[in-house]
Structures are given as C-alpha cells and as structure tokens.
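A.B. asks: Residue numbers (this note's numbering), protein chains in the order written: chain A, 1 to 286; chain B, 1 to 363; chain C, 1 to 313; chain D, 1 to 236; chain E, 1 to 249.
Everything hinted at is true.
In silico EDC-like pairs for lysine to aspartate or glutamate, Cα to Cα no more than 16 Å straight-line: (1) Lys163/B / Asp126/B; (2) Lys124/C / Glu261/A; (3) Lys64/B / Asp150/C; (4) Lys353/B / Asp126/B; (5) Lys93/D / Asp174/A; (6) Lys122/D / Glu112/D; (7) Lys185/B / Asp132/A; (8) Lys151/D / Asp180/D; (9) Lys71/D / Asp185/A.
One-sided and incomplete, this derived list gives chain B residues near chain A with beta-carbon spacing under 8 Å: (10) Ala13; (11) Met14; (12) Asp142; (13) Pro171; (14) Ile172; (15) Gln182; (16) Gly199; (17) Pro200; (18) Gly213; (19) Thr231; (20) Thr232; (21) Gly235.
Don't read these hints as lab results, they were simulated from the structure. None of the values given here were measured: they were computed from a predicted structure. Glycine included, C-beta positions come from ideal geometry on N, C-alpha and C.
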Amino acid sequence: MTTLASILLDGVAYGMILFMISVGLTVTMGLMRVVNLAHGGFAMLGGAFTHWAMMSAGLPFPLAALAALIAVVILSVPMERVFYRPIYKMGELPQVLATIGITFLMIASVNYAMGSSLLSIPLPKVMSGAVDLGFRTLPTHRLYVLGAGVLVIVGLFVLIERTRFGIRLRAAVDHPGTAACLGIDTGRIFSLTFALGAGLAALGGILGAELLPIDAYYPLRYMILFLTVVAVGGMGSVAGSFVAALALGILDTAARYLFPEVGTIFFYLAMIVMLGLRPQGLLGRA
Amino acid sequence: KVGVVAPFSGPFAMYGKQFKDAIDVYVAEHGTKAGDHEVQFIYKDTGGPNPDTAKSVTQELLVKDGVNYLAGYTFTPNALAVAPLVDQAQVPTVIFNAATSIITTKSPYFVRTSFTTPQVAGPLADWAIAQGIKTVVTSVTDYGPGIDAEKGFVKEFEAKGGKIVDSIRMPIATSDFSPFMQRIKAAAPNALFTFIPAGPPAFAFVKSYSDNGLSAAGVQFLGTGDLDEETTLQGLGDAALGIHTSFPYSVAHESAMNTQFKADLAKVDPGAVANFASVGAYDGTEALYRMIAAGGTDGDAGLKAVLGASWESPRGPVSIDPKTHHITENMYIRVVAKDDKGQLINKEIETIKDVPDLGLVSK
Amino acid sequence: MRSLVPFVVMLVVAVAAFYLFPYNLAFLTRVVITMILVLSLDLILGVAGVSTLGQAAMYGSGAYAAGLFAIHVWHDPLAGLAVGAAAGAVVAFVSGLFLTRAHGLTLLMLTIAVTEVLQEIANKFSAITGGTDGLGGIRMGRVLGIWKFDFVGRTGYIYAVCVLFVVVVVLKIVIGSPFGLALRGIGDSPARMRAIGTPVTRRLIAAYTLSGAVAGLAGAMAAQSTALVSLGVYDFQLSAEAMIMLILGGTGRLWGALIGTAVFMTVHQVASSVDPFNWLFVIGLLVLAVVYAVPRGLLGLPDEVKRLLRRLK
Amino acid sequence: MAEPLLSLTDLRAGYGPTQILQGISLDVAQGERLALIGRNGVGKTTLLATIMGLTTLHGGALNWNGAPIGKLAPHRRAALGLGLVPQTRDIFKSLTVEENLIAGLRGDASIEEAYDLFPRLKERRRNGGGQLSGGEQQMLSVARTLMGRPKLLMLDEPLEGLAPVICEMLMDVFERLAGDGRTTVILVEQHAGMALGFADRGVILEAGRIVHTGDAKTLRADAATLGRYLGVGLAD
Amino acid sequence: MTAGLQVRGLNKAFGGLVVARDISLDLSPGDRKALIGPNGAGKSTFTNLITGILAPTSGSIQLDGRDIGSLSEAQRVKAGIAKTFQITTLFHSLTVRDNLRLPLLERRGLTARPFRRAAGDGGVEDEVESLLQQFRLTDVGDRVVQRLAYGQQRLVEMAMTLALRPRILILDEPAAGVPSSESPLIAEAIAGLPQDLAVLIIEHDMALVFKVAARIIVLVAGAILTEGTPAEIAADPRVRDLYLGAGHG
Ligand SMILES: Nc1ncnc2c1ncn2[C@@H]1O[C@H](COP(=O)(O)OP(=O)(O)OP(=O)(O)O)[C@@H](O)[C@H]1O
Ligand SMILES: Nc1ncnc2c1ncn2[C@@H]1O[C@H](COP(=O)(O)OP(=O)(O)OP(=O)(O)O)[C@@H](O)[C@H]1O
Ligand SMILES: [Mg+2]
Ligand SMILES: [Mg+2]
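Work the whole structure out from these sequences, hints included.
C.D. replies: Dropping the structure here:
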C-alpha cells in the first residue's frame, strides 16, 4: 500500500519534471510543427546562464533564473529569424538536420565558454530539503515543480485554446500564406511562439536540473527523452504532453520500485506499446 | 615517440585534457629527455567509447607516425580493441585509465597505472566492517564496471561477516533515483554501497540520497571515488557532505609530492583541477620515461624495466606488479568535507596500503 | 552507357585514395563501411520516404551476429558478412512488422526505441556479448581463403571497397526495378499506391528488410575490421549521423549517400584533429550551410550553381 | 477621373526566379465587378496572389488608392482592405469551423453575419475544419474572408466543385456584396459564361499577359474571341 | 450469381453525423450511372466505403456475389474496383510516364520484383504511350507531375485509374479543375471505355453528367433521395429544390 502510494507520489513528481522539460518542445515542435531537436539546447542555455549568474555574478537563485529566462527569450528571437524561419517550409528531414546543426553550435559554445563539466545550480534553502508527508518524505523541490507545472499547463491551455492568439497561431501553422491574407501577422506570431517555446525550455532546464543536471552535452543526452514525451502525448497537444509525462513518469517509477533489473527496456517497451496502440499519441488528433 | 589515444572531444573530452595536462606537467618537471632519448608525444582523439576509432587511430599512429610507445585509453572497449595491434606491433602500451581487470591479460604489452574497480571496492568493504557496519544495500549502475564494483564489495564484505540486505542494479539511464532511495530506506541498512559513474547520474544520486532523508535515517553512504572525483566534486554541492568513498587519489592528499604536482599543474594550465585521471597519466608518463630511458626504441627492453618498478607518486607509493602489469597502490577512505575556503574536498581519513588488483588476484 | 560513369568515378576515387593515403587505410575503411550503412538508409528513407533513426538496430545486430559467428562458428569473413546481413534482415523484418505502419515523429521514436531495447538487451546478456567491455577476441580468417588481413589494413580496405561496389550495384538495380519504382511511389503518396492495388505495408516491410540486410552487412564489416563489437554499435548517435550524412549528400540516388559520408567523415576527421575541443563548431556550421545553401544535398549543388549563374545573367 | 482603387502597371511576378506574369497593366475602379478568365495555367491565380503579396515581385508597380503597396507584407494589405478567397480553399484543419471564422475576424464584423449567409456553417460550427465536404469548405473559405470586411474581394474559382444550387446561392451572395457598390469584386472563373454574366468588365489572360479587356456583356456574346482564347464550349 | 457490384443497406456515421444512411445500389457491367447531390451529402464518403478506404458501420458490399467487406483497399483494386480521387493524389516527384507505369506494373503483379528494369517491359511501355496519347499527355510525358498545370494533373489522375483496367470504375468529380475546353476530352474518355465496364460518376458539372450517365442517383444527407433517367431527375421538383436550383430546367 505504501509502495503504491510511493509509486504514485514519486511518479507524479518525476512526471511533472518530465513535463516541464518537454513542454517547450510541445510548443515549438507540436504547435509550430518544426522538428526542433535544438530544444534541449535552449534548456541547457537556461541552465548555463543561471549557473553563470549565480556563480560568477553572485545573484540569488530566483533572480538568476529570471535573468537566464529573459536572456534565452531574447536570444531566441534573432535565432528564430535567422535559422528557423527558412526551414518552416522545408520538410522534416532538413529540419532535423538544421536543428541538429544548431544544437552542435550551442554545445560547442557552452563547451567553449564553460567547459564540459557539470554546471550546478544550487537551490536556495526554501526549495531544498524535504517535506514530511507522514508516511514518507518528499523533496521540497518537487513541490515547486508541481506548482510550476500546473501553472504552465493551465496557462498554455488558455492561451492556445481560448484566446485569439491561439487561434491565429494554429491558423498560421496550417496555411501561413492564407493566414497572412486574412491579416494575420504570421512572422510576429511565429517569433512570439518560438520565444515562448524557448522560454519554457529554459524554465524546464532550470527547474529540472536537479534530476537532469546541466552540462554542455545536455541537449544530446536527453534529446530522446524530450521527444518521447511529445510523441507519446501527441504532436501539438499540450494536454497530451502532460498526460504522457505523468504516465511515463509513473510507469518508469513503478518499474524502478518493482523490477529495476528490467531497466530501461521497460520504459522503451512501454513507449512502443503506447505508440503502437495510438500512433498519433495519447491525445493527438488522428 | 609516444602516441596518446584519448577522447579530446565530445562529452568525455575532460579525460583527454587531464591526460595532456599531466603529461605537460611531467615534461615540465623532467624535461623532454628520458635517459638519452628525446621524447615526443602525439595525441589522437577517439571522441568517446569508440573502439572503431580507437583502433584506426592507433593503427595510424603505428603505421604512419611510427610510434614506439602507446598511452592513454580511457574506455575498456577502446583498450581491448587495440590489444591485437599492440601485440602484433610489440609496442608497450600504458593504460592511463580504463578500469576493467581483464584488460592487462589481453596483451603482455599492456601496463596500467590507474586502478581497477574491484581494487577500489574491496578495501571499502574492509573499512566498513571495521567501522561496525553490519548490513549494507548495494546499488550500482547496471553495466560492466558497476557489476564489477558490486562483486568486489560484496565478496569482501560477506567474507568478513557483513550482510548484504539487498542488491539493486540501476539502469544506466536513470535520472530519478527516488524509488531506489525509498527502497533502501525501507530496508534500513547501516549503509549503502554504490558505484555510479561521475557526471549527471552521480549528481542526481547524491542529491536524491540527501533529499530523501537517508542520512537522517542513519544510512551511511559508501561509494567508489568515481562519483565524487575532483572535477565534479564542487558540482555535487552540500548534499555530498559526509559521504564516504574510497579511491587511490585525492587532491587533498597531504604530501610534498602532491603539493608540487598541484603547483606545477597550475602553472601548465591555471584552471585545471587534478584528479585520478591526471595522476593516472602522470604516473603513466613516469612509467613511459622509465621504459624509454631503459629501452629507447626497443619496446621489449623498456617493458622489462618497468615491471616491478616502484616509485613515489602524488598519490603515495606505487609499484607495477610484474605478474598482472597493474599498479599496486594505496587506497584511501575519504569523507567529503569543507576546507577553510568553503570548498568541498575529499578528506582522507584512512589508508589501506599496497592494494593490488583484487579483480585479477582473486581469479 | 552514361549510367556507368559514376561507377568508373567511384572506382578511380577508391584506387586513388588507396595510393594517396597509404597510412590512413584504417580510416578509409571506416568511411567505406559507413557508406554501406548510409546506403542502407538511403533505400528506406531516400527512396521509400520512411524517416527512421533506427538503422543502428540492424547495424549493431549484424555486428554482434558476425562477431559471435566468427568466435564460435567459423572465422571466414564472407560467411560472417552473410550472417551479419541475415541478422540485420531478421531484426528489420520483425520490427518492420509494426514500424511500417507508423510515420512521422511516431516512427522516428519507435525506431529509436527498438534500438535502445536491443542495446539494453546486449548490455544485460554480457556473458554472451561482453557487455560494456565489448565482444573481443574476434580473429578473422583469410578472405576467400587467400588474402590475410594485414597490419596496415590493405586487405581490409580492398575487401570493404569490393563489398561496397557489390552493394551499390545491387541497390542500383533494385531502385531501377518495378519494386524500386513502387517504393518511390510509396514515398510520394501511400494513399495512391493503395488505390492502385499495391499492398503498401508488405512492400515497405520488404524494403525495410533489404535495408536491414545492408545495414547488418555494414555492421558485420565493422565487427570484422575492428575485431571487437561494443555496445556503441547500437548508439542513437550512429543512426543520427547516418541521417546527417545522407541528407548532406542528397537522398534517393545512392551517390548522395557516398558523397555525404565521404565529406562528413573527412571534415569530422580533419576538424577534430586540428582542434579537438571545438570541432563541433565546424560540423555544426557545415550542416547548417548545407541546409540553407544546398537544401537538396551536395548532389543538388551543380543544379544550385547553375540556377545561380542563370540568375546573375 | 477618380483615382482607381487598384492600379497595376507593367506588373511582373512569379514564384522565386520563375516569372509567370509578363507585364500586367490594369486599373480597377471602386465598386467595379471584374471577371478574370483564361485557360488553365495562364496565371490567373498568380495574378491574384501577386495583388495579395504572396508571390515574388520582379518588377512593375502596384498601387492602392494611389499609394504603392508592392512592398507591403500580405497581412498589411489585408489590413488595407484586400481580401482573397484562395482557389485551394485552405481551410485551417486544426481549427473548428467557428475558429476558422474567428481567425479572419477583423474590425466590427461578427461571425453571426457569416452564419446568416451560410446557415450550413452554423450547423457545423463545432466541427473540425478538415471534416467539411468540398462545398462546405468553399462556403467557409468565402465567409472567412468576408469576416475581414474587405473592400476588394478576390475570388479564385469559388464555384469549382460545387453543387449547382450552392453555386447559385454563392453567386447571390456575391451579387449582394457587390450590389451596394462598397465592395469591389474580382472573380476568376472557368465558367466564362457565369463569370461574365456577373461582371461589368471581362479580362482575358493568356500566358501571363492580358490579351483582351472589354465590356462583359459584349464579350459574353463574342463567341469568336472566347473561342480563340478559351477554346470551344467555354461559354457554358 | 449476379455480376457486378451490389451494395446493401450501407450505413456510416462520423460520431453523431450520419453520412451514409441505408444505401443500396447496384452497378452491373455496362452501367453508366451518376451520383449527384449537394455538397456534403456523402458522395465521396460512399466511394471511400466501396473502395475500402473507410469501413462502414453496417451493411454489405458484394462483388460478383462475393462479399468483399473484409478485403483491404489493395485487394479490392485487384478484384476490379478502382476510383479516381476528388482531390488529385499523384506521385508528385515522378514523371508522368512513371505515374502511369506504376499502375500498369501493379496490374501485372510486377511491383514486388526487385531485379528487372521498371522501364523496360514492352507491353507496359506500349500501354503507357497509348494512355498518354488518349489523354493528350505525350508532350509532357517526361515532366515531373508537380510541374504540371492542375487540369493536366486531373487527366493523369484519370489515366492512372484506367491503367488498372477496372471492372467497376468510380470517378469522383473527374472534371473538377479541368478547363471546360478539355472537359469534352473527359466525356470522350468515358465514352471510349470498354462497354462491359461499370461506371459510377460523381460530378457537379451537369452538362457532363447528362452527357455520360444513363441513370442518375441523387444522394441527400447520406440517403438516396431518388433514382432515375436524366430526364426524370431534371424534372423532379425535389431534386431541383435541393440540388439543381432554378438554373436547370
Ligand atoms: N508554386 C509554384 N511554383 C512554380 N510554378 C508555379 C507555382 N504555382 C503555379 N505555377 C505555375 O504558374 C503558372 C500559372 O499558374 P496559375 O495557378 O496562376 O494558373 P491559373 O490561371 O490560375 O490556372 P487554373 O485555371 O488551373 O487555376 C502555371 O504554369 C503553373 O505551372
Ligand atoms: N473523417 C471525417 N470525420 C467527420 N466528418 C467527416 C469526415 N469525412 C467527411 N465528413 C463529413 O461527411 C460529410 C460528407 O462528406 P463527403 O466528402 O462525402 O461529401 P460529398 O458528398 O463528397 O461532398 P462534395 O460534393 O462537396 O465533395 C461532410 O459533411 C463531411 O464534413
Ligand atoms: Mg488558378
Ligand atoms: Mg466529394
């Protein structure tokens, strides 16, 4: 019984972290439909900037994180202009190639500036340690992530499904030319959305650093993980990513509690089964 | 001529850099001449655990550059892949790092100056028994080195009357260790023993240990020094305070030789941090110099000169076991503490002298 | 007869490389082996339009099969190749049964997952595969019982080039066949293919199996030339780089696979020896340059230049 | 004479480096109904797309109420009052019918107006745009553009593939829109007869050039000209 | 045994929307029937049910007395049912000739053959050329399809389907997008079809429908409203109300 509760608790906590680090990808890859393998790059930049702001500039965590977030968002705008705009219209293969190229450049830059070792982000007192839940403890950090995750999902849902901006965004993705004919400034919409995706990536990178620590090779190391969440959730479905992240988190956690020997095989088999049953993803449109 | 094969690019580029720095330090201290022979180093990149690349660059070193000695090799498969080449070319090869016991049995031309995993894990078990630790849960990463470490520890620990309550093998790609910590907590042992490679997983593991309140529950943390080696130690943060590890080298090792080594390293590369890889390479270079001084381009003569040799290293006294071609060295039990500048250090609290490669000796 | 020109060029290049870089034969052999892998990807991705990031699954299985075969059964190289190809084909066939029904991101992820599962299995059964230490102790016999694998790697190189030739010729024939045309059709419009009565899934499974056999063959060659198989043969990175090389060269026409591989690996080799710490910059820039300047790959370069010249006029 | 609403001078444009329009000069007056006809592939769609700003401009001038708009992005032209109903309809598949309309909404228009014109759309308002039949899509496409209250409405073969009753209904709608003189209409149609019946003026395009301009009623009766440029049997 | 296609009591719904309501229809060799109806009536859906792209909710489909409801799309083509797509669906990066070769090779059961030349077979090549000629596409035979004008693409669409030599041919708006100048060509092509072929044509171009169809079926909201000769249909006030409008009479 306690095991079951523990599995759920740890699973949800882990799943929420998975959600936070992949939700940015749901935005750029799912909504904007560009195969964005550089997602992890933005997450890493967020973490790297935070690390730098705390270690070298001596800022406290919240300020450092905020500054890093802003820095990534600002950086993402020219990057979208220069690198992404030309590839929207290309097929998925050139997109794979281009974004891998961008990822390489990001890795090389961080490697050059900060080396290839771990870039730690020490958490402030209020976020570290553990809270006692009676039958067991839970790292405090997870509660923050849980809160952030809920805020993000609600915010995104409202933004995408309930606002004019969301409608215009989806319209612009479907037929950019026609959307422009209707007076929609597609360039601006794409810029904003991409910045949103990059910002979320950075936020995920910073908040997830407890489990997926930041270093120069972060984008490649966890690329499959991000992609899995988006694929299982269904392209373009924020709610799908949410459900998928929780499902994967719980499954993976359960496997670790109950039969760790099976290892990662279980995770991938689960993914194969889920995608086999629902190729469009859990909540993807058929 | 010495060919050095190591990863200089990719996620493991750190190793190549450590090797090169250590060699530079050695050369700065001892000059470019070993005996009457001028020594020249040629570096080749493998990019990581890539036996294909390791083999082809080694072949190139042998054929094109005509090297007389080889050195480096961070990963076991890379070292194993070149064994036939080394045999065929009869070129003595000093392994700076790769830590699986069997490597040195694959070619008589291999000499190793690092350590093996069982060599590290065994003494830790002895020490644990001496501390009155009776029950242990082992949790190791589920791959070759992890399993070696588990076996090395368990064998020694049980032989001395300790009890293994549970053995967990954790998937390589684990990022959330909470489930394992909960399981360990439930088993309530005196201590946990772990092997986990340095880098992101080690960080998450240590974090998880402290976040899940294991130290509060009185479960001691025992591990091999891989997980808190010095280049990543600061990154672990305060969560690592109080964990015990065993390893052949600590930057905090107090000896004139080590102080000198650190000072020279700072001259060669101001930002560098010494660690096991750099001492491995430093002592490897010592071995190379001894071989070259004695044999020049004659590899067989050189090899003979180093087998059985002993010298003082920054990590303490070491010698090369003529039977196993592996280094015999002291193991240190260390505890993570803060120095007066607030930096984390591996403080040595106990020395276990002259440990051979337990992995081979036991076979 | 014009269609023979590329073959002649290929032969000339292969021979020239042999004499120009006599000390880099080990590297050249790796290039040739990678070419075979990328060719296998071109068949399924370039021609049939199936985006996969899982070629390593077949490559790795071919490598382990060939390695184990050489250790336990027979050390004949050609027999080893056949075993590797068969292993690749079997893996491809079995996984193809469900892979070929998916597409897009789902397919990419499924192919990755298959590879990861295989890698984990190889890790688990370390008693057979050697686990992280790698499967060592592979000793190869003489090619056709005549040529011994020599230290410098001459035999290895010539052997690899010959196999590459055979693979290219066979794949050329396949692509020009009704089957090949059907694959192109599927790449363009599976809906239409179904509407003309083609059992699309079956054709795709056949293509995937063939592609798997070629990838397995490449893996077997790698096992033979390195004489060691490590878990790295199942690395995601391998599949990803194969895809980069293919797109770099240009898809669907086989020659692109060869050119892309040669260029990518050479740049990689040169960049990483000139500046090991920052070569990733060079690779990243190369990749971006291709996407933005020659989106159809290096194979499309002449057309692109012609277009540019026409515009200048 | 009053400034024309839209004025094209020696317009040359195409897709990337390929030039399709070979120099088009044309004035469209406020409130005019223009029929643009010609065989397949002569550049009718390209001309409308160029006016909207979707193609590559190679040369010539494009003026709106006397001001040059050749360099403006499409969405700015839409803001000025240009509206295009694309030949391919381009329904936003990830949006519901209602959201499709909202996407086109500008100013004080309301989607109820669209539902009044096309009650069928109201029935299917919650459906995904991709699930509509061809005719429904065409209605939606027209209605969506009307949501922007365009001063110039460009219709690219709006009747293609539609049931005759729907065609009649749509033509009625166009009549009503054009009838008050506030909306200027350019209609591209294969059915020259129907198009010319609706329009004041007919323009025939061939190979990217205007080869005939004239009063629609006269042209409709001019079987020789129609036959020459459009082939037999085009006059419905 | 009855030759041809028998559809009995076919039903299909997308969620709450019923798009096929108890449709029964026969197509015998030599039939020339047209299916008309308002947009969204369910005509394309009906063809998709027959060809196996969609599965019906209930009802039976028989070909020559044999139930084909469980056959896959490809198997139904082999059995002799072929259709053109309302929205052109071609092999865009292949040449016109290759587009025609594919169905011809498939019909001969050759597309599984990896070791012969695709473009070599004499029989296939002759047929390709004659199809090109029939649809006046010879000049553009070596052009990549996506560079073709839309009207010509429609012709390729028709030609490809005919290349399958079906016994039941379903044409979903073959004239949509084809210039009126070339629509006689389509009528001509239909007229020139083998006499024993059963044809069902879906079209909004009434001129064409009246020219080629012997009988017309009117579908409204997923159900058959009525069936009759062109004259009967043209005179039917309900049809005029719901579909033809005042313009026809
Ligand atoms: N995206 C494109 N890229 C290149 N060429 C194009 C493109 N779209 C159309 N064309 C070419 O431009 C020419 C004019 O096409 P356009 O669509 O303007 O003709 P149209 O008069 O509208 O014909 P239709 O009656 O078939 O709609 C044609 O030759 C066509 O092949
Ligand atoms: N996949 C689907 N899901 C939900 N509804 C659908 C789907 N496909 C079609 N429909 C709906 O079914 C109805 C019938 O569509 P269908 O395409 O068969 O019409 P049609 O008679 O061919 O019309 P048109 O003459 O305009 O082509 C339409 O209202 C359409 O919106
Ligand atoms: Mg047009
Ligand atoms: Mg239809």
